[in-house]
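Asker: The lines below spell out each chain.
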Amino acid sequence: MSLNSLWQYANPKKFIQTTEKVLPLFSVLAVVCLVVGLVWGFFFTPDDYRQGSTVKIIYLHVPSALMAINVWLMMLVTSLIWIVRRHHVSALAARAAAPIGAVMTVIALATGAIWGQPMWGTWWAWDPRLTSFLILFLFYLGYIALWEAIENDDTAADLTSILCLVGSVFALLSRYAVNFWNQGLHQGASLSLDKEENVADVFYFPLLVCIAGFVLLFVALVLLRTRTEIRARRMRALLARERMG
Amino acid sequence: MIALLTRDLKLAMRAGGGFGLGLAFFLIVVTLVPFGVGPQSGLLSKIAPGILWLGALLACLLSLDRIFALDWEDGSLDLLATSPLPMEGIVTVKALAHWLTTGLPLVLAAPLFGLLLSLPPTGYAPLVLSLLLGTPALSVIGTFGAALTVGLKRGGLLLSLLVLPLYVPTLIFGAEMARRGVEGQDTTTPLLMLAGITCGTIALLPFASAAVLKVNLR
Amino acid sequence: MGLNVSNLTIARGGIKVLEGLNLSLAAGQALVLRGPNGVGKTTLLRTIAGLQPPLEGDITADPETMVYAGHADGLKPTLTVEENLHFWASVFATSNIDAAIEAFQLDALRTRPAGALSAGQKRRLGLARLLVTGRPIWILDEPTVSLDVDAVKMFAETVRRHLGQGGSALIATHIDLGLPDAQILDVGPYRARAMDPDDFDEAFL
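Residue numbers (my numbering), protein chains in the order written: chain A, -8 to 236; chain B, 3 to 220; chain C, 358 to 562.
Everything labelled a hint here was simulated from the structure, so no lab data went into it.
Don't take each hint at face value.
Said to hold, decoys possible - Computed spacing ranges between beta-carbons, pair by pair:
no.	chain 1	residue 1	chain 2	residue 2	range
1	B	M15	A	Q(-1)	30 to 40 Å
2	B	M15	C	S475	25 to 35 Å
3	B	L60	C	G472	53 to 63 Å
4	C	I532	A	L132	48 to 58 Å
5	B	G202	A	Y0	29 to 39 Å
6	A	S159	C	I532	47 to 57 Å
7	A	Y0	C	A384	23 to 33 Å
8	B	I4	C	K510	19 to 29 Å
9	A	L16	B	G38	20 to 30 Å
10	B	T190	A	K5	48 to 58 Å
11	A	V160	C	I532	23 to 33 Å
12	C	Q462	B	P86	44 to 54 Å
13	A	E142	C	D543	52 to 62 Å
14	C	D543	B	L60	38 to 48 Å
Virtual Cβ for every residue (Gly too), placed ideally from N, Cα, C.
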């Protein structure tokens, strides 16, 4: 399949037709992965010798934190596609993804707080990672609020994509600034390509399954929400046409 | 462009132009802080750099929606957009006018307000320098936010929601520089970072602001 | 140095309003646009003035030759009549405002703040801005709103003089300006047809 043919899915009609078929598949896979990963992680892994059973919240915390960042990246890419190629589905996909990303950020923050309480003795600390996630959440809020505030869909798509680009730069800057501003409590990355730094294998494999589950869940949700956005958009267009007579 | 700048400055100075409002707001914030945290000068001098930075930031935020709103309402913005001035130039001049009427007075008044918060003597130079370097970035970023929300009803709250996260890096490095100055530590790193952010935003953000403003004028 | 618009399709709020529109305007010509409210005259003028991109079609004109005047006059209430005009003069890199002040009989109001003018006087000041810019192609959206009979004559006289000097004007208006040579274009027939609802793709309609 050439790259050219990839763009055919940018046609709303084609998108609706295609996702009609693949959406159930993604939904089922997401549920299977999540159930397997979480059950495996929660009930069939040993307790950590230092952290006890609290470590098991990692199966929610790490995937949601990963998604929180990657959803923003996906929005950045779709925003760029909208700016360059002006495919409406791309802009609507970014719009559809934002609330999911915001929820992922909240899950990551909440599970982090629940984990942090027994470990660090505090629900919240102004640790660089925690703070950056809070700032990321604010960016999500601003982005969603801007979409909601503008009536004209094309104007909203243009403005939010530029906000997404500018916001990405400032989010990166904030990440660096926050690191500079305070040294953290947070442990290093739980996953990395460098095997030595990884969590032990018993925790690693169920974690991978959970991450796959979160990714699939996100894909399913974003497809579903994009379909809704397309239909809502089409409904508004039909109504407007009717008003015009 | 110079005509636009002098017009904006003139408008700010005349009745109802809002010149000095930011300064008054800054003074009120500084006055209210001791009521909130208690009058002990030890505590005040410790938090003074942060309070002064936050106060300046909020005072800046307060006047952002005026940058384009009035020109939008009376149609000048349409006429300016069809004039020979490039849009990037217009937003840069607007940001400069905002800085001259809001940021610069805040910088100049900061030492006086530092006095009220018993800022230690070593803190004045770094504080003023950090504000001088940082407030232009606040104006330029704010102009971007104002361009995003121009023409929206009830855009004021949304403007704060959009702009405040963008202010985070500037605030962190600015306040850090002022704080280190008070404690007598080396201020080079935050100074360079702050200057870098300001130069970067001045160089790049006007393009984004202009693009956004063009979209909003459609 | 004229204005040529060919096969233009324009949209307002994402919905096509006019399509397949052609018009041309040569030096010394005036073209009056007519059509019912909401048909898209303002959108058309804004598109030609370059404030919004057309959906399809071409507009060939040097943007440096056009000046646009919309519903709002772009006046600053705290600046005087003179200051307002001086500002626009320096934006358009000209300097003479006396001819404009004379044409719209604003001489007695020179030092009055624009905020203290009546609606009709404000409009006259807004129209005087056109002369100050020194640009040949005027794009005017309902220029005679809130003008009295005398002021409308004043305006028509100014337009005639402008045309006589090789300028041109594209005017959306409902009243008879008393410009006998002006061509009239009814934009009603160019109203966009709705598309088949089953044939939606990029534009959703």
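Asker: Confirm or reject each hint.
Answerer: Hints and how they fare:
| no. | hint | verdict |
| --- | --- | --- |
| 1 | B/M15 to A/Q(-1): 30 to 40 Å | 59 Å, violated |
| 2 | B/M15 to C/S475: 25 to 35 Å | 26 Å, holds |
| 3 | B/L60 to C/G472: 53 to 63 Å | 30 Å, violated |
| 4 | C/I532 to A/L132: 48 to 58 Å | 50 Å, holds |
| 5 | B/G202 to A/Y0: 29 to 39 Å | 36 Å, holds |
| 6 | A/S159 to C/I532: 47 to 57 Å | 53 Å, holds |
| 7 | A/Y0 to C/A384: 23 to 33 Å | 50 Å, violated |
| 8 | B/I4 to C/K510: 19 to 29 Å | 38 Å, violated |
| 9 | A/L16 to B/G38: 20 to 30 Å | 57 Å, violated |
| 10 | B/T190 to A/K5: 48 to 58 Å | 57 Å, holds |
| 11 | A/V160 to C/I532: 23 to 33 Å | 52 Å, violated |
| 12 | C/Q462 to B/P86: 44 to 54 Å | 28 Å, violated |
| 13 | A/E142 to C/D543: 52 to 62 Å | 30 Å, violated |
| 14 | C/D543 to B/L60: 38 to 48 Å | 55 Å, violated |
In this structure, the hints that do not hold are numbers 1, 3, 7, 8, 9, 11, 12, 13 and 14, in rising order.
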